[in-house]
Amino acid sequence: MFKRHARVIISVLIILLLVIIVGAAIASSGASAENPVSPVPGSSLPWWAWPAILFVVTFILGILAVLGGVGGGVLFVPIVGGFFPFHLDFVRGAGLLVALAGALAAGPGLLKRNLASLRLAIPVALIASAAAIVGAMIGLALPTNIIQILLGSTIIFIVVIMASAKKSDFPNVPQPDALSQSLGIMGIYREESLGKDVEWQIHKTAKGLMLFVVIGVMAGMFGLGAGWANVPVLNLLMGAPLKISVATSKFLLSITDTSAAWVYINSGAVLPMIVAPSIIGIMLGSMVGVKILAKAKPKAIKWMVIGILLLAGVRALLKGLGI
Amino acid sequence: MSTNRTKASEEQLIYANILNWGMWMGLALLTITFIIYMSGILPGFVEVKELPKYWGLSSAEFRLALHSPIGWGWLKVVGKGDYLNFIGIAFLAGLTIVCYAAIIPTLKRKKDTAYLVISVLEILVLVLAASGFLKAGH
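Chains as they are written, first to last, in my numbering: chain A, 1 to 323; chain B, 1001 to 1138.
Simulated from the structure, these hints should not be mistaken for lab results.
Virtual Cβ for every residue (Gly too), placed ideally from N, Cα, C.
Some hints could be false.
[Claimed, not checked] Chain B stretches covered by chain A per the calculated footprint, using a threshold of three residues with CB under 8 Å from any CB of chain A:
hint	stretch
1	1011-1022
2	1064-1071
3	1081-1091
[Claimed, not checked] Some residues of chain B that are not near chain A, with every Cβ distance over 12 Å (derived):
hint	residue
4	1041
5	1105
6	1108
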């Protein structure tokens, strides 16, 4: 019964999100000539409407981000950057803080339920957060269109990998590698959808950690969260169950994005009028998302991740190509 | 239902509890300061009605046009409504450092040397990022 309700709620939220985005796009598509009172260039809406719409959009993104195991930033940046009148610098700065806030809001619940593994997150976070600092500094120096093209291509590539993967809900890890064994990275969690305890372990830890260098750099460079890349690496490469990967990825963002966010804050690329309504919206949305996540099926989460990533990837690519 | 087998570790629960407390505190700070900002109780560095003229500029153009602070310079103008919001933003961005610091004694007591070293290194990385020494721009 709950799962059916969750599906209905998620469907309604997605439809509502699309309606708001289309509405915002229409409002910002050169209607200003009809309303010379509006102080916002290229918009027929009063200035206060944009923070208000931003709040509603980020609340919905907060719910979807938890279920998809992505930082709100990966959805936030292409959507807000594409349909709101704010400069991309501030959108990227806000995007990192939005992803950070969503992860902070979801983190306690995921850790307490033992869905997010601190044991798995700590080594990964050190590498990713250090790399994210480097990425943020590169990203603030590179032309935006180049960043967008690279980002869109990367996300679409990941979508293809995830969509074509045959086994990822409970990956087969016949033997944990020496590094994960020495660090004691393993665990047991309650899989509510199956009604049983699931033991998990990981392999290919060294390869996974090396990839988190790349993920960290990209997260900071694009001004996004890193859930879009965390989940495939944790799940498909390292062999953590999808639900553990999604939850640990979400929690991981609270550490990775912190380091990149500080670079944006210190570089003056943060505007409270954009950040505050977005963070409040995403945090409230994430809390609702966590309630749904514990009961949701891993397969449903996987396909939601794919859909969300595809949307974000295509949007980023088109924007980078100037289409 | 959670059993002993599936229960989170001691340090994981410590981390979660502090994160939970801090998240609510940060959200409250951000909400209160944003309400103060929007209400106009405090004067803004940039007044809210004027902001739409500037939010389409790049961060570099914004700084040039308004001589806005960078790094921890916002502390000097924290009495302005807009920069008052940075209290909540900085609190949320700094929360992870507090969480890591809180699990250090548990890791030390458990003699979990590898995770103790990694956690201390993580704190150093985050403090470096927050220090304001690392800035970038076009």
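Here's how the hints hold up against the structure:
{"no.": "1", "hint": "1011-1022", "verdict": "holds (count 9)"}
{"no.": "2", "hint": "1064-1071", "verdict": "holds (count 4)"}
{"no.": "3", "hint": "1081-1091", "verdict": "holds (count 7)"}
{"no.": "4", "hint": "1041", "verdict": "holds (15 Å)"}
{"no.": "5", "hint": "1105", "verdict": "holds (15 Å)"}
{"no.": "6", "hint": "1108", "verdict": "holds (15 Å)"}
Figure legend: structure checked against the earlier numbered hints; every hint is met.
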